[in-house]
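Since chain A is already given, all that's left is putting chains B, C and D on it; use the hints.
Number of protein chains: 4
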Amino acid sequence: MNPDRAILTGHCADKKGLVAAITEWISDNGGNILHLDQHVDPATDHFFIRVEWHLEGFVHGRETIAHQFQTDVAGRIGLDASIRFTSDRLRMALFVSRLGHCLWDILARCESGEWNVEVPLIISNHPDFEGTAQQFGVPFHVIPITAETKADQERRELELLAEHNVDFIVLCRYMQVLSADFAAQYPNRIINIHHSFLPAFAGAKPYHRAHERGVKLIGATAHYVTLDLDEGPIIEQDTARVSHRDAVQDMVRLGKDLEKIVLSRAIFLHLNSQVIVHGNRTVVFT
Amino acid sequence: MNPDRAILTGHCADKKGLVAAITEWISDNGGNILHLDQHVDPATDHFFIRVEWHLEGFVHGRETIAHQFQTDVAGRIGLDASIRFTSDRLRMALFVSRLGHCLWDILARCESGEWNVEVPLIISNHPDFEGTAQQFGVPFHVIPITAETKADQERRELELLAEHNVDFIVLCRYMQVLSADFAAQYPNRIINIHHSFLPAFAGAKPYHRAHERGVKLIGATAHYVTLDLDEGPIIEQDTARVSHRDAVQDMVRLGKDLEKIVLSRAIFLHLNSQVIVHGNRTVVFT
Amino acid sequence: MNPDRAILTGHCADKKGLVAAITEWISDNGGNILHLDQHVDPATDHFFIRVEWHLEGFVHGRETIAHQFQTDVAGRIGLDASIRFTSDRLRMALFVSRLGHCLWDILARCESGEWNVEVPLIISNHPDFEGTAQQFGVPFHVIPITAETKADQERRELELLAEHNVDFIVLCRYMQVLSADFAAQYPNRIINIHHSFLPAFAGAKPYHRAHERGVKLIGATAHYVTLDLDEGPIIEQDTARVSHRDAVQDMVRLGKDLEKIVLSRAIFLHLNSQVIVHGNRTVVFT
Amino acid sequence: MNPDRAILTGHCADKKGLVAAITEWISDNGGNILHLDQHVDPATDHFFIRVEWHLEGFVHGRETIAHQFQTDVAGRIGLDASIRFTSDRLRMALFVSRLGHCLWDILARCESGEWNVEVPLIISNHPDFEGTAQQFGVPFHVIPITAETKADQERRELELLAEHNVDFIVLCRYMQVLSADFAAQYPNRIINIHHSFLPAFAGAKPYHRAHERGVKLIGATAHYVTLDLDEGPIIEQDTARVSHRDAVQDMVRLGKDLEKIVLSRAIFLHLNSQVIVHGNRTVVFT
Chain A
1 MNPDRAILTG HCADKKGLVA AITEWISDNG GNILHLDQHV DPATDHFFIR
51 VEWHLEGFVH GRETIAHQFQ TDVAGRIGLD ASIRFTSDRL RMALFVSRLG
101 HCLWDILARC ESGEWNVEVP LIISNHPDFE GTAQQFGVPF HVIPITAETK
151 ADQERRELEL LAEHNVDFIV LCRYMQVLSA DFAAQYPNRI INIHHSFLPA
201 FAGAKPYHRA HERGVKLIGA TAHYVTLDLD EGPIIEQDTA RVSHRDAVQD
251 MVRLGKDLEK IVLSRAIFLH LNSQVIVHGN RTVVFT
Chain B
1 MNPDRAILTG HCADKKGLVA AITEWISDNG GNILHLDQHV DPATDHFFIR
51 VEWHLEGFVH GRETIAHQFQ TDVAGRIGLD ASIRFTSDRL RMALFVSRLG
101 HCLWDILARC ESGEWNVEVP LIISNHPDFE GTAQQFGVPF HVIPITAETK
151 ADQERRELEL LAEHNVDFIV LCRYMQVLSA DFAAQYPNRI INIHHSFLPA
201 FAGAKPYHRA HERGVKLIGA TAHYVTLDLD EGPIIEQDTA RVSHRDAVQD
251 MVRLGKDLEK IVLSRAIFLH LNSQVIVHGN RTVVFT
Chain C
1 MNPDRAILTG HCADKKGLVA AITEWISDNG GNILHLDQHV DPATDHFFIR
51 VEWHLEGFVH GRETIAHQFQ TDVAGRIGLD ASIRFTSDRL RMALFVSRLG
101 HCLWDILARC ESGEWNVEVP LIISNHPDFE GTAQQFGVPF HVIPITAETK
151 ADQERRELEL LAEHNVDFIV LCRYMQVLSA DFAAQYPNRI INIHHSFLPA
201 FAGAKPYHRA HERGVKLIGA TAHYVTLDLD EGPIIEQDTA RVSHRDAVQD
251 MVRLGKDLEK IVLSRAIFLH LNSQVIVHGN RTVVFT
Chain D
1 MNPDRAILTG HCADKKGLVA AITEWISDNG GNILHLDQHV DPATDHFFIR
51 VEWHLEGFVH GRETIAHQFQ TDVAGRIGLD ASIRFTSDRL RMALFVSRLG
101 HCLWDILARC ESGEWNVEVP LIISNHPDFE GTAQQFGVPF HVIPITAETK
151 ADQERRELEL LAEHNVDFIV LCRYMQVLSA DFAAQYPNRI INIHHSFLPA
201 FAGAKPYHRA HERGVKLIGA TAHYVTLDLD EGPIIEQDTA RVSHRDAVQD
251 MVRLGKDLEK IVLSRAIFLH LNSQVIVHGN RTVVFT
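Protein chains in written order, with our numbering: chain A, 1 to 286; chain B, 1 to 286; chain C, 1 to 286; chain D, 1 to 286.
A portion of the hints provided could be inaccurate.
The list makes no distinction among identical chains, and a pair is therefore deemed to hold if it is satisfied within one copy or across any two copies.
SDA-like cross-link-like pairs, simulated, lysine to any residue; straight-line CA separation at most 25 Å [unchecked claim]:
(1) K16 to S27
(2) K150 to L34
(3) K205 to H278
(4) K150 to D14
(5) K15 to N280
(6) K150 to W115
(7) K15 to R62
(8) K205 to T146
(9) K16 to I83
(10) K150 to E111
(11) K16 to R281
(12) K150 to H60
(13) K16 to A66
(14) K16 to D246
(15) K16 to D4
(16) K16 to T71
(17) K150 to G203
(18) K150 to T64
(19) K15 to H244
(20) K15 to T44
(21) K16 to N272
(22) K15 to T286
(23) K15 to G75
It should be emphasised that the hints constitute simulated quantities derived from the structure, not laboratory data.
Chain A extracted, bound-state conformation:
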């Protein structure tokens, strides 16, 4: 049996018959649907769908499915669609600075085979994790950045990413702000982890400000990077309890666990095409 499955994600203005049109096409071509999630946002009358079907016995081959679906269905109903396959092994670049907890967590998952993903390179503005990268056999590129060198260095980074056919980027507590130009090259394909429950404590030093405000929970937010810092579409968030006994450095320590778990959940959702971005919000089919 062919265990490969196709995953269709799409969205468009809502109208009658969309689900029927899509599922008939799958069924008429011999596909058996495993999961279907559909949502109409009542505020905007916008339609979202994610369908996963077995390719065993399906009429169209991997190479022609997307084109055929576009011709037969998506074009006609105006669906902004994309199709991929569970056997696709996406290529994920990691950016890191000087805090390694997210990097370690991600590399350990990759090593253990928890995710179907390739890590072709790690980029850092500091040399700190060169040894770690070596342990895991991943090429490590140190690209320091200053205000003066930023444009050039980002160009170098983009070249490296292109060379390695990178599908998406994960900022593992990478402490440089990406330029608008850079961000525009990978729309909805750069995932950042912010160490607060956004929109609270956007910007710098969120744990210091959380401590000062005396909050009883700290948070972490994984989001896609857009031109506006800390304002991109949120993929996943979580919070953890703190008390007066927790100084800033305790919040930092407790926050690390939150950050790595929230970031890894977001990566998993992205890898499985469970996230659809629309405007500045996400639909996350779980």
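Okay, now just chains B, C and D, sitting in the frame of chain A:
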């Protein structure tokens, strides 16, 4: 505009074309789907679906939809289906003994219009909440139960429930075990709240046993009542943190909040036909 | 046996010997300590303590304890201390507008004896919950407020509160902003519930703004009221998961459960003298 | 300044004056208390205390503190006490079998300096993680175990542990049951992680049984190992939400995050002497 919506829930052995068959029928008859959730359990190859569509412009009327769908689709594909309408106001009977927190919480929600539900009667084996029932204008029936009177008293209860056209029953910390005969009259329509994270601490005095075992979390479980005590299909569960500082009576106090929230979530899911029971497990479409 | 216990809470600049001085005094006077919680904030070198001891066999009587402790210990070590007794039945005034979920929840707890508290009156700027108040036998005062009448009406409220010897006030989704003058009458004795995870979405319509931002969690915050709106010391917070399926009205519904639980936890902490305010932050001994 | 601090933990039958006796001694000898947590279990009238004080200016040196306290205070009041120092670097042995998520997580924390701990060796009944151990520069001993070799192999393990002056052992999903003899060598010094919310699903294959029962939450439990399998004193637990969409292998994946976080929290608590075991329960001062 007709704001009423139909909700179809169903399940059957999986095969190709099920979603297409169902959604084509809705679409061909002029329905616009608002939500569709579908699931195939890979372990048993069993198919589950919940669809909600607008009745505005739908060809069939409320009275004939179910029959027509059975004839056109369900019979042919073998779907065990049921259809109801968001405007239906279900009739919920409450059973209570001597602890009132769940009862108060439910009655306050009903009073505030949070749920689209009718409470035609409260049944208790004790007179304690007669005044509370009066406050909310709900008829209250005291039906004491002993080993000798149980069969007779349950018969009386069943008569009352039938008289009041009760759709489902909620046991709000009702401390009597229902007989198998009684439970069989309302399959998957009696919701109980157990004050532990089942299957831990099934049976009596769960907080005492939780305290003795030194657990760091207490739990609550809402489930449908079946012939086997505390073994029915689980609808909803949650846990809350406790510490060595919490004596049994503190667990009881903290547990009350857990119990009322978990039970109310389960009632809400039931009211919206978000729960499908299969074997001893539930599919909960959220 | 006398089951009454004394609770001492206090804070001052840290120095050596504080705990010893306090506990020696209790021990020398025949008290047996049941709980002691102590904390030194390393950032400010400030000392906080809460001690609870059995009065059985204690040398000093209820009336003289506070004075004696002040003379013997607090004055000497500079401790800002207060002593009360577990048998004290505090008097809590409730303020409400048009949303009743917190009010119901609190009144049901009081009725069931969950808390050792008296509710001498409810004040509202709307008549909506007059019937509810009657059900629970609590005097209800409708005091409508406009920009013009605000000063006069608040004066009337303060008179009522004084008449009823109110110890503290709970704003149960009370939709009027208290004046600085009013707030200053009950420092750290007015508890408000804000329907967001502060400091996110301070101000009006937090659920609308949470929905717009696409957050994956909603929150609630109980805090003491100060002159700065939504900026007072936080007592308790919690969050709950939402998804793209939750429209604003679903967030409102889900948020109600969060608000009532968080507010009730804060009230319980206040009732047990578990909260010490220092600057704009709280130490919460749990 | 000497940043080192002493941590005293102790317990005994409750009586008047215990806190005073202990804190007077610290204060009289020039110590300044940073944290003090005390608890009397009302069910058993047993007293528990944890005190942490600055050694700057303390009369007694590290070597004599424990003896002096025993002579001056503990002997007299009958306190079962132990004293250690925040500068002590405990030596932790790791046992692992074929699942690496906890091992990776722990080694990454050690490498990053998150904990003040030494890992002198890893012991496994399989060679799988030899490479991982090498990456982190930790000696790795493969000690396969069969029913026949168990007694001999455990003897070898105990020798290795003794040679390396191991303070405590962490079972990182180690799939061998330790013999009673082995467990008795390290009382309250072997931490295990069980992949369920104990006492639910004690024993083998908890995720399979959780799936079968249809629970809505999975859990993980860190506990000290005693002679009774899965029955030792619980240090920490947590739960995570699952749904009908989660097959057993999804529960396994989601459970890994829970297991590693819960185990690491337990190790942190143990490292900081925040756990006192009494009977089969723990007091965890947080």
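We went through each hint and held it up to the structure:
Within a single copy, K16 and S27 get their C-alpha atoms as close as 19 Å, and across copies as close as 6 Å, so both meet the 25 Å cut-off. In the homo-oligomer, the alpha carbons of K150 and L34 never lie at most 25 Å apart, since the shortest distance is 46 Å inside one protomer and 46 Å across protomers. Proximity of K205 and H278 under a CA criterion of 25 Å is satisfied inter-copy only: 23 Å between copies versus 29 Å inside one chain copy. Proximity of K150 to D14 under the C-alpha cut-off of 25 Å is found in neither arrangement, the shortest distances being 43 Å within a copy and 48 Å between copies.
In this homomeric assembly, K15 and N280 come within 25 Å of each other (Cα to Cα) only inside a single copy, at 22 Å, whereas the closest approach across copies is 38 Å. Proximity of K150 to W115 under the C-alpha cut-off of 25 Å is found in neither arrangement, the shortest distances being 33 Å within a copy and 36 Å between copies. For a Cα distance limit of 25 Å, the shortest separation of K15 from R62 across copies, 22 Å, qualifies, whereas the shortest one inside one copy, 29 Å, does not. Proximity of K205 and T146 under a CA criterion of 25 Å is satisfied intra-copy only: 20 Å inside one chain copy versus 42 Å between copies.
Taking identical chains as interchangeable, the C-alpha atoms of K16 and I83 lie at most 25 Å apart whether they share a chain (22 Å) or sit on different chains (20 Å). Neither within a single protomer nor between protomers do K150 and E111 lie at most 25 Å apart by alpha-carbon distance, with minima of 32 Å and 31 Å respectively. With identical chains, the CA atoms of K16 and R281 are at most 25 Å apart within one copy only, with a shortest distance of 24 Å there and 33 Å across copies. Proximity of K150 and H60 under a CA criterion of 25 Å is satisfied in neither setting, with 46 Å inside one chain copy and 57 Å between copies.
In the homo-oligomer, the alpha carbons of K16 and A66 lie at most 25 Å apart both inside one protomer (23 Å) and across protomers (20 Å), since each shortest distance falls under that limit. Taking CA atoms no more than 25 Å apart as the test, K16 paired with D246 passes between copies only; the shortest distance there is 22 Å, against 54 Å inside one copy. Proximity of K16 to D4 under the C-alpha cut-off of 25 Å is restricted to the inter-copy arrangement: shortest distance 16 Å between copies versus 31 Å within a copy. For the homomeric pair K16 and T71, the shortest alpha-carbon distances inside one copy (19 Å) and between copies (23 Å) are both at most 25 Å.
For the identical chains of this complex, K150 and G203 are intra-copy neighbours only, at 20 Å inside a copy versus 39 Å across copies, given an alpha-carbon limit of 25 Å. Neither within a single protomer nor between protomers do K150 and T64 lie at most 25 Å apart by alpha-carbon distance, with minima of 41 Å and 58 Å respectively. In this assembly of identical chains, the alpha carbons of K15 and H244 lie at most 25 Å apart only when taken from different copies (19 Å versus 53 Å within one copy). For the homomeric pair K15 and T44, the shortest alpha-carbon distance inside one copy (12 Å) is at most 25 Å, but the shortest distance between copies (34 Å) is not.
In the homo-oligomer, the alpha carbons of K16 and N272 lie at most 25 Å apart only across protomers (23 Å), although the nearest pairing inside one protomer, at 28 Å, exceeds that limit. Both within a single protomer and between protomers do K15 and T286 lie at most 25 Å apart by alpha-carbon distance, with minima of 24 Å and 23 Å respectively. For the homomeric pair K15 and G75, the shortest alpha-carbon distance inside one copy (14 Å) is at most 25 Å, but the shortest distance between copies (28 Å) is not.
Checked against the numbered hints listed earlier, the structure breaks hints 2, 4, 6, 10, 12 and 18; every other hint is satisfied.
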